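Q: What follows is the residue order along each chain.
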Amino acid sequence: MDQLLYGTEVLINGLMTGVMYSLVALGFVLIYKASGVFNYAQGVLALFAALTLVGIMEGQVPFAHLINAMFGTHIENFGWNIPAVFAILLTAGVMVVLAILIEKLVLQHLVGQEPIILFMATIGLAYFLEGLGDVMWGADIKTLDVGLPQGISDVVEQTTANWFGYGFFIDRLDIWATIIAALLVAALVAFSQYTKQGRAMRAVADDHQAALSVGISLQFIWIMVWSIAGFVALVAGIMWGTKSGVQFSLSLIALKALPVLMLGGFTSIPGAIVGGLIIGVGEKLFEFIMSSPDLAGSWFGFTISATENWFAYVLALLFLVFRPQGLFGERIIERV
Amino acid sequence: MLYREAGDFKTTYRDDGQTFPITLDRLGYYAILFVAVLIVPFVINDYWASAVLLPFLIYAIASIGLNILVGYAGQVSLGTGGFMAVGAYAVYKLMTAFPEVSVVIHILLAGGITALVGIAFGLPSLRIKGFYLAVATLAAQFFLVWLFNKVPWFYNYSASGQINAPERTVLGWAVTGPAASPSAKYLICLGFVIFAAWVARNLTRGMIGRKWMAIRDMDIAAEIIGVNPLSAKMTAFGVSSFFVGIAGALLFAVYLGAAEVTEAFGINKSFLVLFMVIIGGLGSIFGSFAGAAFLVLLPVLLKNVLVGVLGWPTDLAAHIELMIVGALIIFFLIVEPHGLARLWQLVKEKLRLWPFPH
Amino acid sequence: ELIVPNLSYRTGPYGANGTQYADGFNDYFTLLNERDGGIGGETISVPECETAYNTEKGVECYEATKDGALVFNPLSTGITYQLIPKVGVDKKVLYTPGYGRTSAKNGKVFEWVFNAPANYWDGASVAIKYLLDENGGDLNGKKIALVYHNSAYGKEPIRTLQELAKKHGFTLTEIPVEAPGQEQKSQWLQIRRDKPDYVLMWGWGVMNQVAIQEAANIRFPMENFIGIWWAGSELDVMPAGEGANGYKALTFNGVGMDYPIYDDLKTHVIDTGKASQGGEHVGSAVYSRGMYAAVVIAEAIRKAQELAGTSAITPEQLRDGFEQLDITPERLAEIGLPDFGPEIKLSCDNHGGSGMARIQQWDAAEKKWNLITEFMEPDAEVLDPLIAEDSAAYAQEAGVTERSCN
Amino acid sequence: MLDAPAEGYVTADGRQIGPVVMDLKNITLRFGGVVAIKDISFDIRQGEIRAIIGPNGAGKSSMLNVISGFYVPQEGEVWFKGYRRGPMRPYQVARLGIARTFQNIALFDGMSVLDNIMTGRLNKTKSGFLSQALWWGPAEREEIANREQVEKIIDFLEIQNIRKTPVGRLPYGLKKRVELARALAAEPQILLLDEPMAGMNVEEKEDMSRFILDVNDEFGTTTVLIEHDMGVVMDLSDRVVVMDYGRKIGDGTPDEVRNNQEVIDAYLGVAHD
Amino acid sequence: MLDTAAASTSQTEALLEVNNIEVIYNHVILVLKGVSLSVPKGSITALLGGNGAGKTTTLKAISNLLASERGEVTKGSIVYRGERVASLNPASLVKKGVIQVMEGRHCFEHLTVEENLLTGAYTRTDGAAAIKADLDMVYDYFPRLKERRRSQAGYTSGGEQQMVAMGRALMSRPETILLDEPSMGLAPQLVEQIFEIVKAVNEGEGVTFLLAEQNTNVALRFAHYGYILENGRVVMDGTAQELRENPDVKEFYLGMSEEGRKSFRDVRSYRRRKRWLS
Ligand SMILES: Nc1ncnc2c1ncn2[C@@H]1O[C@H](COP(=O)(O)OP(=O)(O)OP(=O)(O)O)[C@@H](O)[C@H]1O
Ligand SMILES: Nc1ncnc2c1ncn2[C@@H]1O[C@H](COP(=O)(O)OP(=O)(O)OP(=O)(O)O)[C@@H](O)[C@H]1O
Ligand SMILES: [Mg+2]
Ligand SMILES: [Mg+2]
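From first to last, the protein sequence lines are chains F, C, G, P and R.
Heads up, the first sequence is in the working numbering, so the first residue is 1 and it goes up one at a time.
Heads up, the second sequence is in the working numbering, so the first residue is 337 and it goes up one at a time.
Heads up, the third sequence is in the working numbering, so the first residue is 695 and it goes up one at a time.
Heads up, the fourth sequence is in the working numbering, so the first residue is 1101 and it goes up one at a time.
Heads up, the fifth sequence is in the working numbering, so the first residue is 1374 and it goes up one at a time.
No lab work stands behind these hints: they were computed from the structure.
Here the structure is a predicted model, which is why all the values come from computation and not from measurement.
There are no misleading hints in this set.
Computed list of lysine-lysine pairs in BS3-like fashion (alpha-carbon distance at most 27 Å, straight line): (1) P:1264 <-> C:686; (2) F:196 <-> R:1469; (3) P:1264 <-> C:684; (4) F:196 <-> R:1505; (5) C:686 <-> R:1448; (6) G:860 <-> C:486; (7) G:889 <-> C:486.
Examples of chain C residues lying across from chain R (beta carbon under 8 Å, computed): (8) 682; (9) 685; (10) 686.
In this text, a Cβ means the ideal position worked out from N, Cα and C, and glycines have one as well.
Let's have the full structure, built from the sequences with the hints guiding it.
A: Laid out in structure tokens, this is it:
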């Protein structure tokens, strides 16, 4: 009985974690859908956005370190504090500028190239942004607080304690993440399915040349999606940054988002959410069962742990064997 | 006309099928081989060996391996780090279990074991394609690393989970272990590089290579004209992993001497080798060398210039180095998406026309 | 001129910590050069090389800085393992305070490696010692969980803790966290269910921040949560804000700015603009540790010069200096760091010192660490056989014959 | 002529047409709701040129895909040389000696013309993996033998000058020719051609027709041809199947088909000369 | 011959003028070696020539799509309504009314047939009703598309895709359409029909057409003026009438000899009298 309750708690937390993964995966999906580009830099984009947000909130001077090193000055801070809401807006603006630059300097020159080349270019971009983030804002670990609540939700704990005699743990940050993710997904689905821009975006993903030939401006579409993806990255950056501080490792959450994508399908926005939920629950439950002496221990006679890094991928792989395009991905067209 | 092809006629198909059909190329190739085998070992020192030459040679093998898979067979893999780990741990277990057997055999066997593991992880490629496959290969990457970290048998139950290469000799020269001289290490790696390049070249110019390329270019059509996708993909995974395993074995046994799986064979390794393949040129053995050279040399060079020559603080240099490497990758992809190999070819084509523009 | 390369890392997942450590290391030598004109009249040159915590770059850095270098301190267990066999051949000293291969304490096998003042096994033992003290000397029936970085580094204390668990009758639960460790929900839910009395942590990088945050989230009593010294920097606790209040960590060096040396540092290094990175991190926990490593190396150099009767010492002479090193409390006070570290007295067969460490606790309101215990001794009875066993295993594997230390 | 003797006959211009080699019986193929082929039966005789015509989307290419094993019909049987063909993967079908070209050119873009054609000889290659890896005697000998065969085809189709060009760069019409070469290299018993002359001008079509006829003459290769140019179809083929949205609406000699009212309505529009 | 051609077309206003352009692929492969042509407003101009003559390349040069194939115009100029095309990106060219139907269809595979058609209207701003009307018009022209409107374009037959590509171009209400091999792969009566549509659109709405076509027969029946390209050069041009009657054109492009159309079966030797060894 206890195991069942614990299992349920793990499951719910798995769902919540899944939502956090989905936030990162969403950015990938958008860009993939719009350009067929598998944007490895999405994680770094989240890091960059979070760094910028903290920098703006705390009035850090960008490139202070570089300037100081070059001119021997000692500037660090503008000495002002900007409220979170404005800072978020400003950061969103920065992300748009970044999107424009990426389009102008990178994507524009790679029109019509094979997907793997574009993929590689985004890895190059990831390196670049990682370096840029460090040079601009310093490599310190920064604390991010935009006023989101954190920690156990007492309400949930007490209610469940009353009901089941065991209080469930749910992080309030996760609850917020869920709400925000739901809003984002609804907005994005509506956008891509029902608007002209959304249709153009999918057209671009299919065939750059043909899109050009009907007058779709790749430039515009790409700037648009990269801006949106930048904004999604900002949201992901805020969530993850609140949890772990803003630091280099934030960029590695991309690796947690990949199995989510694979499972949900690279091209499906709802897939990113459902995939996230499945992965979140799957990896947490697997870890729970396999590392618990009462479960795996008594069933198999051994326990294993720290499985989460690979289990997500293996789980996604299993799904793919049955549906090679992911759960919700567009069918891969195979014709001759 | 500096570089000429015209007038270089072939009268048999055998001549036409050789690796360097153009005399000038052939001469250049022999010259490089001569320098590599007979001159470099005598002038090599520790720094050059460990900072540049060994990693270059070892990564060249890994790139050839991965190029077979990605460049020739079109199956994108991000599991290279994991497969290198298989090679490393296999050679470690073999070296410690059978100390009397030659390390060369161990390394080849390690390649063979890696090939089997590669084939096993390659099986999903029958269903899964493109980026889905790429991401799926990460399952191999993470699982293998976890496994080697988790199961003490693989690291002979050492307290920390590290593996250390014991000293082994070839023809009386120590090639592994701390006492191995740079030239011995260099020569053994060079030997494997030549072997790998030669085998890869043979495979890719023959029917097997054509099957791979057919699968890469259009898998459905390939199957319809008679390519068995199972055997084509599995041979590609097998051969590729064989080389990658050898590279992993050399990386651990000859180059690093000690390794911890999470650090030495992490996902970054997978990306690094993939980069080499793409920057060098997909589907080109020369490209594998060029890519490996580029990505081994570039950071060393940048570091020496930024820190050594310009005297920047190391952290700034390191961050800017990241930016430069990133920017250069993008730059190269823009200039020539088909890699350094194609760039070289274009240069040759230009030279052929020189001094006329076209 | 004496060369002491600084194999640092200021980028990558652990760059934030690496930066502070490297700054402390650099600044102390800068201070010696600026204030005293070096050591024994020889200026110390500290060429820095970025390893990015990456073993291959570590090897490259080692080779690049090897010429004329005396001693290496790579601040990475992985790179240390790489270098242990190499330094034996190249005859360079490898100094790995508080990290690296624990059994390198055995100087008979590891002639060139020093890991004073404390190693991971010492740390584990001291932590248990502290808990024993807290519980009136009895841990019987207590539950202790070890949350660790699933790598060579994180796995180091397990053997020791298992032995200690047998000896003191507590149960040990091992909870690995796969690097990098951004997501530790499973682990902390497990802790919430199991309700261990204490949690020990061997973490590094983002894993620390997340663990501390998660501990706060599940309202785990922070004073029962003890990290190893690499999980005891300001960087680790700051992101959790108030929640981290009361968190404890081991340390083998003093923290805070209440040491006379900082006056000298200010006049000679910081105010003259010679501080590494502009002196941003002066006084932080990891900075102090970097500085402390430099202090020990400097003292060993001093000793070596004394023994060799020349100021331009060789690595061999430095090794001798290390083996006869004796940093007394008085000497520390003289340096301007009273009570900053334990007494270090090394010998030919003991390359690891006394292994003493103490506990620091985080005060979130003041945003500072407070030292809450004196230096405590590890349990030699448990550790010595382990060290003998592990070093013997290495000796056999690597074909090293023990030297005699008489 | 439809009820020609089982053992074959000789055409007006003196070619030998043999017995039925492939018999398609009651083939039905559906994609979800779309019925691409509805209960179609027809046969192919040894050595003949068999055309399939019909409006766009009629299911001609699908039919070819059924023959080459890429689509598996929901209903119906395929008989080849007197045996019922079981479920087979396309590459196994290819090994039976069925080669084809594709409507939307399916060349291997990354390879040179020569290599593309060499892939056609795939099933004629016997040397093993090791011998290829080490380039031992048999591998090299076989490679050279294959090359000689391929060179003959290259000469035959007059594409010598583009031998080493990557096919991606070739203009459309030449690609079609290379595809034909690749199919020929397999020395097939049955050659399936899906619109081999689309995008060619008259002169090129004449060349192509010549190639098809010569292959047929020379090697007796049975040819199945889909083509929209009625001139070509009527001139080249021995028998014609007409499809219309999945149904078969005609089957017979060019003359019979040409004068079939249903065919005229559905496809030809006007009676062709 | 070129000069007289220029003289004969100069009476009507030239909408599109291509002056002596040279195109190089990949920096080394010279494909067009000085092509000049002029397309009068409201005309149907045909670009004829064998495989690899450079028709597609010419069209792509005009619609500015070469860049994404690593090709570039290195010499000469292309002027549309007095403005140099080089300075425009493909999207603004579409806004100016030039749209291309690409060779090989290039449908958006994952979009449905209807969505494909709607992307054609991407640049239009005249409201949903007008677009709907045009959609109906396209379905009128190609009833088959109406049946398949909900299928993903990737799963439609070759001919259906060709209709989609054509319909998509019509949806943009262009002023000029560059048509690359519209008849390829289409059933005979559909070829006829497509050209009828071209004619209707041309006459009814004054849309100018420049079409590259292999099917010389039909092309010359519907076009007003024709250029023949060989090997990257214009080798002949003239009104459709002139070309139709030119004996060389007759022989090489229309497949007629003095005796009328020959059977394909009777072509006993190759045109260019090449011999093959076997
Ligand atoms: N894989 C598939 N999935 C769904 N529908 C398909 C598939 N393949 C073909 N179809 C449909 O089946 C019908 C017949 O297609 P097919 O390609 O055989 O036509 P076709 O006769 O070759 O036409 P065309 O002359 O235009 O090439 C078409 O309507 C097409 O959309
Ligand atoms: N991307 C490219 N790279 C290199 N060469 C190319 C490229 N595209 C076309 N070419 C070359 O340019 C020449 C002209 O090709 P183009 O496609 O313009 O001919 P075309 O007249 O349209 O022929 P077709 O009637 O077969 O379509 C050909 O020789 C072709 O090999
Ligand atoms: Mg068809
Ligand atoms: Mg063309």
